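From first to last, the protein sequence lines stand for chains A and B.
When we follow this note's numbering, the leftmost residue of the first sequence carries the number 29, and every step to the right adds one.
When we follow this note's numbering, the leftmost residue of the second sequence carries the number 29, and every step to the right adds one.
Some clues are possibly wrong.
Claimed, not checked - Label pairs and their calculated CB-CB ranges:
#: 1; chain 1: A; residue 1: H97; chain 2: B; residue 2: R184; range: 54 to 64 Å
#: 2; chain 1: A; residue 1: A46; chain 2: B; residue 2: G56; range: 37 to 47 Å
#: 3; chain 1: B; residue 1: T223; chain 2: A; residue 2: F45; range: 45 to 55 Å
#: 4; chain 1: A; residue 1: R187; chain 2: B; residue 2: E322; range: 28 to 38 Å
#: 5; chain 1: B; residue 1: R184; chain 2: A; residue 2: R187; range: 23 to 33 Å
#: 6; chain 1: B; residue 1: E322; chain 2: A; residue 2: F45; range: 31 to 41 Å
#: 7; chain 1: A; residue 1: M53; chain 2: B; residue 2: A274; range: 16 to 26 Å
#: 8; chain 1: A; residue 1: R187; chain 2: B; residue 2: R344; range: 30 to 40 Å
#: 9; chain 1: A; residue 1: R95; chain 2: B; residue 2: R61; range: 54 to 64 Å
#: 10; chain 1: A; residue 1: M53; chain 2: B; residue 2: R187; range: 43 to 53 Å
If you are wondering where the hints come from, they were derived from the structure by calculation, not from laboratory data.
These figures come from a predicted structure and were not determined experimentally.
Virtual Cβ for every residue (Gly too), placed ideally from N, Cα, C.
What follows is the residue order along each chain.
There are 2 protein chains.
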Amino acid sequence: MRESELSAGETPTRSEFALIERIIMRLGESAARDILVPPGDDSAVWVPGGGAVVATIDAMTEGTHWRPHLSSMTDVGWRAVATSVSDLAAMGATPEVLLVAAVLGPAVTLNDMDAFIDGMAEACRAHNVHVAGGDIVRGRATAFSITALGSARLDRAQRAIVMRRDAAHPGDAVAVSGTPGAAGAGFRALESHLTGLPADEVIAALLRPHARIDLGFNAVNLGIPCAIDISDGLVQDVRHIAERSAVGIEIDLDALPINQSAIALFGLDTARDLALAAGDDYELILTGRQQIIEALEGVTIIGRVLHQHPGEVVVRQRDGAPYPLPTGWDQLRAWPLAQH
Amino acid sequence: MRESELSAGETPTRSEFALIERIIMRLGESAARDILVPPGDDSAVWVPGGGAVVATIDAMTEGTHWRPHLSSMTDVGWRAVATSVSDLAAMGATPEVLLVAAVLGPAVTLNDMDAFIDGMAEACRAHNVHVAGGDIVRGRATAFSITALGSARLDRAQRAIVMRRDAAHPGDAVAVSGTPGAAGAGFRALESHLTGLPADEVIAALLRPHARIDLGFNAVNLGIPCAIDISDGLVQDVRHIAERSAVGIEIDLDALPINQSAIALFGLDTARDLALAAGDDYELILTGRQQIIEALEGVTIIGRVLHQHPGEVVVRQRDGAPYPLPTGWDQLRAWPLAQH
């Protein structure tokens with residue numbers, strides 16, 4: 029449309045409206061079209077698929093959540109969508125639309141914006157969500173905020189059927205999807221400039237996570253009451269469940285599904301510590317009755333929920349002794365991509 | 029709760045979780061409690077009051093949207109809520125919940141955060157909305173993003189009953205609420221360090237705008253098809269309607285309801301130009317059949333929608349000659365509080 033007004037590499041000082049048109053064009057099929065009022069009006073309007081609306085907001089900022097020399101803006105765009113949608117997956121909700129707010133720092137070029145939008149569009153296609161609105165402003169530092177909106181069904185008592193952090197019960201099994209630690213290994217591989225397989229695989233796990241939407245949907249439909257996604261680190265996120273549910277949780281060290289590429293790159297001990305503490309995996313932790321958990325594909329039972337020691341998490345070695353959690357925990361948690 | 033961990037004036041480097049608990053406490057009744065999953069889980073869950081969900085996101089950043097020496101963080105918090113909710117008012121939607129993302133720059137203190145939250149809580153009470161979730165991260169510059177969510181009814185064809193920018197029809201009357209230009213006069217008064225009445229009144233219009241929720245609700249229920257809120261400036265926002273609706277719009281200069289305090293402070297000519305171009309008023313512009321508009325309280329008919337000159341806006345003087353739009357237009361549009 030007005031693409032000619034904006035030339036690649038130029039800092040986007042032109043009209044916000046021309047920039048928005050450019051973004052909508054570039055999003056292509058990832059811009060919401062089937063909603064009642066399309067992008068460009070004061071607000072987006074749509075009819076949610078279920079009776080309840082499920083919504084989450086995340087902020088990410090250059091330097092804290094990504095480092096320009098370690099990830100491309102395309103990766104940043106993908107990751108922004110996937111990590112935001114992951115919060116809906118953790119509830120068992122069905123993601124529908126995104127709203128995106130962008131604060132563009134002084135150095136942002138149109139190429140950067142295009143790359144970010146391309147990454148978002150790819151992740152939107154992969155996760156079956158659409159961008160329904162947004163806002164762009166200039167500021168002193170670049171930051172993005174994404175609101176992901178989805179829906180959940182209501183039960184007969186008009187309660188939303190979702191998985192919550194505060195719904196773990198003593199006697200429940202604790203399970204995790206995939207192989208945590210891959211993203212943490214990916215960060216080490218990136219920092220060490222490792223390339224080729226298996227480094228590329230764990231780097232992709234870090235930069236291009238996939239939200240476990242189908243798993244969350246299947247779990248909530250089977251009656252799993254409690255889940256969380258792994259953003260802060262497996263033990264830390266299990267602790268959120270333990271605190272909110274006022275239960276103790278015991279993890280069996282030997283039961284952890286350790287990422288094979290992480291082992292190949294850094295050895296079993298480091299890979300295990302990354303699985304416990306590194307975060308950024310966006311796998312799901314679920315708690316529920318063992319026979320229901322066993323009906324889910326792609327998850328591994330790693331522990332159990334207890335009456336004792338509410339709010340606490342212990343990782344047990346084969347002999348029953350507590351496994352000392354990785355040192356450098358706070359440092360791990362302060363990784364630039366981890367905080368939200 | 030854990031308030032003792034955090035002391036006033038300290039930079040909030042403590043746990044995000046302690047900070048979130050502090051914020052929820054401080055929000056008081058403005059934290060959503062009656063929703064299905066309260067703040068603290070992965071996502072907020074609620075049942076919208078109407079069949080359609082209406083959602084808008086806005087970003088605001090220090091230096092662009094507020095200047096620390098001109099407005100307190102309490103004012104910034106109020107304004108963030110009111111301007112966000114105003115986008116729902118412009119659709120005739122009923123605001124319900126907010127999601128807030130905060131990027132805290134290095135200099136942000138707990139006092140700043142408390143003041144921001146207090147302003148948000150006040151504005152939430154004034155606009156009958158509740159904070160249902162959020163995210164807090166550290167960054168190089170302070171920015172906030174608010175998503176406002178509300179609902180609208182569906183007609184029998186399952187279309188949302190909302191006012192849109194693209195629904196103005198030739199023959200419609202054009203009306204505006206309140207007395208635009210007050211916020212623009214407020215900015216001048218602030219910059220000139222004016223105090224006392226009538227300066228305080230226009231400064232309040234700038235720093236503490238009220239979204240016209242009731243007016244929007246009444247208008248949509250009476251069948252008004254088209255509205256927008258004044259953020260960029262009256263003529264600029266009327267132009268958005270003209271462009272989207274592919275109509276011409278004629279404004280009668282003498283019909284404009286000029287703010288009396290702005291006239292008292294800066295004279296009629298300046299006050300009129302501020303009314304036309306300054307923005308930040310968050311009054312509503314509505315177009316619809318004249319007899320319906322006349323049934324609305326607090327609005328003034330200022331012009332009409334035409335077939336001719338689609339996309340254009342002309343302001344007519346008494347003799348029919350076009351009124352030259354204020355010079356310094358771009359400068360006015362670049363005012364620090366105007367961009368969104």
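Between R184(B) and R187(A), does the C-beta distance stay in 23 to 33 Å? For R187(A) against R184(B), whose Cβ atoms are near 29 Å apart, the range 23 to 33 Å holds.
Range first: 16 to 26 Å. Now tell me if the beta carbons of M53(A) and A274(B) are that far apart. Given about 20 Å between the Cβ atoms, the range holds.
Is the distance from the Cβ of A46(A) to the Cβ of G56(B) consistent with 37 to 47 Å? 43 Å, holds
For the hint 45 to 55 Å, verify it against the beta carbon of T223(B) and that of F45(A). This hint is violated: roughly 38 Å between Cβ atoms.
Tell me if the beta carbons of R95(A) and R61(B) are separated by a distance inside 54 to 64 Å. 39 Å, violated
Range first: 54 to 64 Å. Now tell me if the beta carbons of H97(A) and R184(B) are that far apart. 57 Å, holds
Please test the hint of 30 to 40 Å on the beta carbon pair from R187(A) and R344(B). 58 Å, violated
C-beta pair M53(A), R187(B): status relative to the range 43 to 53 Å that was hinted: 26 Å, violated
Would you say the C-beta atoms of R187(A) and E322(B) sit inside 28 to 38 Å of each other? Violated, at about 46 Å.
31 to 41 Å was suggested as the range; check whether the CB atoms of E322(B) and F45(A) agree with it. 33 Å, holds
Hints 3, 4, 8, 9 and 10 from the list above are not met by this structure, while the remaining hints are.
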